[in-house]
Amino acid sequence: MSLSSDAPVSLPRFTRAERWVHRTLGVLMGVLLVTGAIMFFPDLSSIVGNRQIVSTVHEIAGWLAPVPLILALFSRAFRKDAGLLNRFMPGDWEWLRSRDRRSGRVRVGKFNAGQKLNASLTLGAVVVLFGTGMVMFWSSLFSDSIRTGATFVHDWVALALGILVLGHIWMALNDATARAGMRTGSVPEAWAVREHPAWAEEMTEQISSSRGASG
Amino acid sequence: MTDQMTEEPKASPRGTPVGRRVVLGVVGLGAAGVLAGRWLSSGVSDVVASTAPGLASIVPAAGGFRIYTVTGGYPEMPPADYRLGVSGLVNEPMSLSLDDLAQLPQTQMTKDFQCVTGWRVEDVPWSGVLLRDVLDAAGVESDAEALKLTSFDGAYTESLTVEQAMRDDMLVATSMYGGPIEVKHGAPVRLVAAPMYGYKSIKWMDGIELTRTVIPGYWEVRGYDIDAWVGKSNGRTDEPVV
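So the sequence lines, in the order shown, correspond to chains A and B. Heads up: the first sequence is residues 1 to 215, going by the working numbering. Heads up: the second sequence is residues 1001 to 1242, going by the working numbering.
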């Protein structure tokens, strides 16, 4: 599989633009979940207090949250990866159902089915939280029933998203190579072959054909 | 070549747009939840209250109190040091300890607690001294029109007219759910202005000053209505608390 016998090969996984989108959205999401939790859980409210400041920070971060996602659409690499995350291949259902997901039996592409589901659930939740957040922000424009409904949905969707984000962080904590991939933009070929074999094959073919062409 | 290709792939080689369906599904559920939320949220509260009553105190969306404080953390006060000052336009300024309050006529009432942000906790049992009985003990002078209420958190204030304060559902509460008031709910003494939105029910109350005019309270200078009747103020139409 390896291109060269003497040096470990690294494969480009995320562009600089994609890493900045991930970073800024991650920071905003962290601020939103923490300030939201402070306002939501009585035991946290009691320790922190300062409701006015906490809610202002939450509102500012909420308004900013869509910005990195919108700017990301200018990145060709981001649009391509979003397309990959959107599309489920036949193998993805099998991968989700199988008990030996990590064995490599089902050949995974750039993203596995769990990453695809995480991405779409997160995006759906962000849209819902932004919409219901706006209802709460301009509450005087809406009826009590809509306000109560928006608060209800905002609370429970945020709780679910919080669990999803904790799961995402947990998976990252357990894979230093994946973390380095998001930090530096590239991953060792051996990791790619183990976790994303179909993608690794595609990438190595691309690289060897471009090398062949240039030299 | 083309003939053989046509019968081959059942699934499109580009896969199916499951991601888009999930996003649209979540957004659709969210919109439905907003429209139905009023009934859903009271339904969830009822289910939680009957199956896991402890949950509401951890997850307030399940029907419990949300705790709002405007300063850092909770102010704490040893019960023995507590005094409720009654001052301003009164015949006899007073400084009431918890024992003094216990000597006054005791009143119990069970009322819903309605917040201006929309949540409501049903049937909260309170007991303590009617605000009217405290005012009568001090003797309100005839030119007093309003009360300025203060909290020992050092920041929060509230206001009532004397007429409002004399109602029989305005309680200087010393007990909640049959026990002492918890710190987060305003220990040891808070006001319960039952017919009004929760921000009128000042926590950690340590002062009642009788004044000539209404001095707007903490949230009132920040845009909330001074006369905060549930269902008839702040642009809301909640069912009144009776």
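Treat the hints with care, since some could be wrong.
What the hints assert, rightly or not - Examples of chain B residues toward chain A, derived with CB under 8 Å:
no.	residue
1	G1015
2	T1016
3	V1022
4	F1065
5	V1070
6	K1111
7	G1118
8	K1232
9	S1233
10	G1235
11	T1237
12	D1238
What the hints assert, rightly or not - Covered by chain B, according to a simulated footprint, are these stretches of chain A (three or more residues, beta-carbon under 8 Å):
no.	stretch
13	40 to 54
14	84 to 91
15	165 to 177
What the hints assert, rightly or not - Example chain B residues on the side facing chain A (calculated, C-beta under 10 Å, incomplete):
no.	residue
16	V1027
17	Y1068
18	T1069
19	V1140
To be clear, the hints were calculated from the coordinates, so they are not data collected in a lab. Think of the CB as a built atom: it goes at the ideal place given N, C-alpha and C, for glycine as much as any other residue.
request  = Find the hints from earlier in the document that the structure breaks and name them by number, from lowest to highest.
outcome  = 6, 8, 9, 15 and 19
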